[in-house]
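Asks: Sequence:
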Amino acid sequence: MKMLRLHKVNHCVFLPENPHYKGMVQKVKDYVAYGKIDAKTLAEVLENRGRLEGDARLTEEYIRENTDYDSIKAFAEAVVEGKASLKDVPKLKPVFRLHPPRKGHAGIKRTVQQGGVLGNHEENINVLLHKMR
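Following our numbering, the numbering of the sequence shown begins with 7 at its first residue and continues without gaps.
Simulated from the structure, these hints should not be mistaken for lab results.
There's no promise every hint is true.
[What the hints assert, rightly or not] Calculated cross-link-like contacts (lysine-lysine; reagent style DSSO-like; alpha-carbon spacing at most 30 Å):
no., residue 1, residue 2
1, 8, 89
2, 46, 109
3, 89, 79
4, 137, 35
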């Protein structure tokens with residue numbers, strides 16, 4: 007969990023799809039919720055929860071000045087397509103501190119297949135992240 011930078015409850019990190027990270031996620035699948043995010047949800051998380059060093063908010067102006075993209079939405083689309091990385095934004099913190107989900111977790115001791123929140127949500131991770139905005 008430390009290698010994935012998940013030190014506390016309700017923390018979120020975005021990882022590229024490669025064999026190294028897939029193996030790490032497979033090891034912690036019984037303790038975390040994960041899935042494939044879409045550009046709209048990534049833009050929402052970056053806008054609401056993106057922080058820079060010094061706990062400053064991530065803004066459209068900062069993205070415009072420090073990257074090749076004009077907006078957070080354009081940057082999020084590029085990240086989802088694999089054309090960009092979150093590391094392309096200088097001083098962006100890699101961990102996003104989210105709120106607990108509205109209406110609560112669906113059971114923190116059960117997997118998705120059993121009606122809980124742990125494990126692979128696939129595309130439904132976007133619903134969970136929207137609840138945790």
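Asks: Tell me, which hint numbers fail for this structure?
Replies: Of the numbered hints, all hold.
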